[in-house]
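Put together the whole structure using the sequences plus the hints.
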Amino acid sequence: MNTIEGKVLLVDDEEKFLEVLSERLETHGLKVSTATSGEDALDRAEDQNFDAIIVDLAMPGIDGIETLRRLKEKNGDLEIIILTGHASVKKGIDAMKLGAEDFLEKPVDLSVLLDKINEAKHKRMLIMEKKSLDKVKKILKTKAW
Amino acid sequence: MRMKLENTLRDRQLASVGKLLAGYTHELKNHLAIINESSGLMADLLGMTESEDEQTRVRFKKIINTIGERIREANGMANHLNSFAHRMDTSLSSFNVNDLLIEELALIDRVARLKNIRLKVNLQDNIPPITNNPSLFQFIIFMIIQELTNSLAAGSVIEISSHINDQIIRVCLSSTEPLDTIPESPEPDNSDEVLQFVAAKMNIGLNRTPPGSDPYQIILTLPST
Chain A
1 MNTIEGKVLL VDDEEKFLEV LSERLETHGL KVSTATSGED ALDRAEDQNF
51 DAIIVDLAMP GIDGIETLRR LKEKNGDLEI IILTGHASVK KGIDAMKLGA
101 EDFLEKPVDL SVLLDKINEA KHKRMLIMEK KSLDKVKKIL KTKAW
Chain B
146 MRMKLENTLR DRQLASVGKL LAGYTHELKN HLAIINESSG LMADLLGMTE
196 SEDEQTRVRF KKIINTIGER IREANGMANH LNSFAHRMDT SLSSFNVNDL
246 LIEELALIDR VARLKNIRLK VNLQDNIPPI TNNPSLFQFI IFMIIQELTN
296 SLAAGSVIEI SSHINDQIIR VCLSSTEPLD TIPESPEPDN SDEVLQFVAA
346 KMNIGLNRTP PGSDPYQIIL TLPST
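As given, the protein sequences belong to chains A and B, one line each in that order.
Residues 1 to 145, numbered by this note's numbering, are exactly what the first sequence covers, in order.
Residues 146 to 370, numbered by this note's numbering, are exactly what the second sequence covers, in order.
Careful, some of the hints might be misleading.
[Claimed, not checked] On the chain A side, residues computed to face chain B include the following (Cβ under 7 Å):
#, residue
1, E14
2, K16
3, V20
4, L21
5, T27
6, G85
7, H86
8, K106
[Stated by the list, open to error] A short list of chain A residues far from chain B (calculated; beta carbon distances all over 10 Å):
#, residue
9, R24
10, K31
11, R44
In short, the hints are calculated from the structure, not lab data.
Note that the structure is predicted; figures quoted are calculated from it, not measured.
For glycine and all other residues, C-beta sits at the position ideal for the given N, C-alpha and C.
Below, the structure written as structure tokens:
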């Protein structure tokens with residue numbers, strides 16, 4: 001069985017779906033947090049760091065696209081994967097324009113989702129490394145050592 | 146004025162049916178997703194459990210595979226139904242006739258199968274998109290197939306094909322067997338009148354070969370955009 005380490009946030013208003021998908025992801029080595037609304041997801045993303053956030057498109061309250069927009073507004077480095085019941089081309093384009101990492105359709109093939117989470121995690125690590133490097137360079141420039 | 150209101154009412158009624166269907170299929174896919182993950186979880190746990198009873202393990206795997214296959218089939222059907230529902234969102238859009246035929250035939254196939262009539266599909270690749278009313282296009286195809294399935298005997302085949310020549314797309318619905326079941330005259334109801342009305346509204350051609358001809362064909366002619 002494929003296992004990957006990482007921390008993900010699952011956002012979906014369907015609690016049973018959250019329950020089974022998080023259990024599956026956990027059996028593959030991931031640490032999973034869940035949120036049942038876009039508002040809840042925004043709060044959680046503020047408190048914790050996630051390698052990937054998986055957001056359902058159709059939710060009561062703020063929908064997946066709006067949740068994506070607000071998450072990206074708060075932290076542009078977040079890696080967000082949209083998971084939807086029906087992947088229309090228009091919604092897909094909207095999500096990608098707002099910076100979604102990927103756009104997957106339910107029911108999803110778990111190996112595909114795990115690959116996307118892995119890709120998101122590596123991309124995020126590279127961004128973090130680059131940021132750290134830039135920070136070190138900046139310090140080196142400003143200090144007269 | 147009254148006619149305009151009636152048309153608006155009809156359009157809105159169709160749009161509401163589409164919206165309800167689209168929402169419903171979306172929910173259906175959520176249920177399928179839960180079944181999919183539950184069955185996947187069973188497979189994961191089975192893979193992690195040590196058991197000497199290999200026979201039971203094999204049986205469980207077979208059951209899990211069957212669930213997976215059925216989820217894929219049901220998901221495909223839900224996708225077709227969802228796309229079909231969204232065709233009613235607008236009365237004018239750009240679409241590919243092949244996409245609409247595939248989607249609709251997936252939904253009609255069962256109706257034909259119950260009458261023991263086979264739908265044979267032969268679509269030409271690279272058909273360019275057209276701009277027209279997508280739900281009316283699917284309605285006219287439905288009417289023609291319904292007319293043919295009502296007229297043909299069990300065991301018949303209806304071939305649905307698309308071709309393009311000189312920027313003109315032709316969608317042809319034909320049947321060659323058994324010929325003697327083709328009606329000598331159009332249906333006793335006003336279905337031909339309705340078909341001609343819809344074709345005129347869509348600004349497309351609709352022609353039939355004479356009754357009893359071999360093959361018996363109904364051809365739609367659509368200019369590409």
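Right, here's what the structure says about each hint:
no., hint, result
1, E14, "5 Å, holds"
2, K16, "5 Å, holds"
3, V20, "4 Å, holds"
4, L21, "5 Å, holds"
5, T27, "5 Å, holds"
6, G85, "4 Å, holds"
7, H86, "5 Å, holds"
8, K106, "4 Å, holds"
9, R24, "5 Å, violated"
10, K31, "17 Å, holds"
11, R44, "21 Å, holds"
When held up to the earlier numbered hints, the structure conflicts with hint 9 and nothing else.
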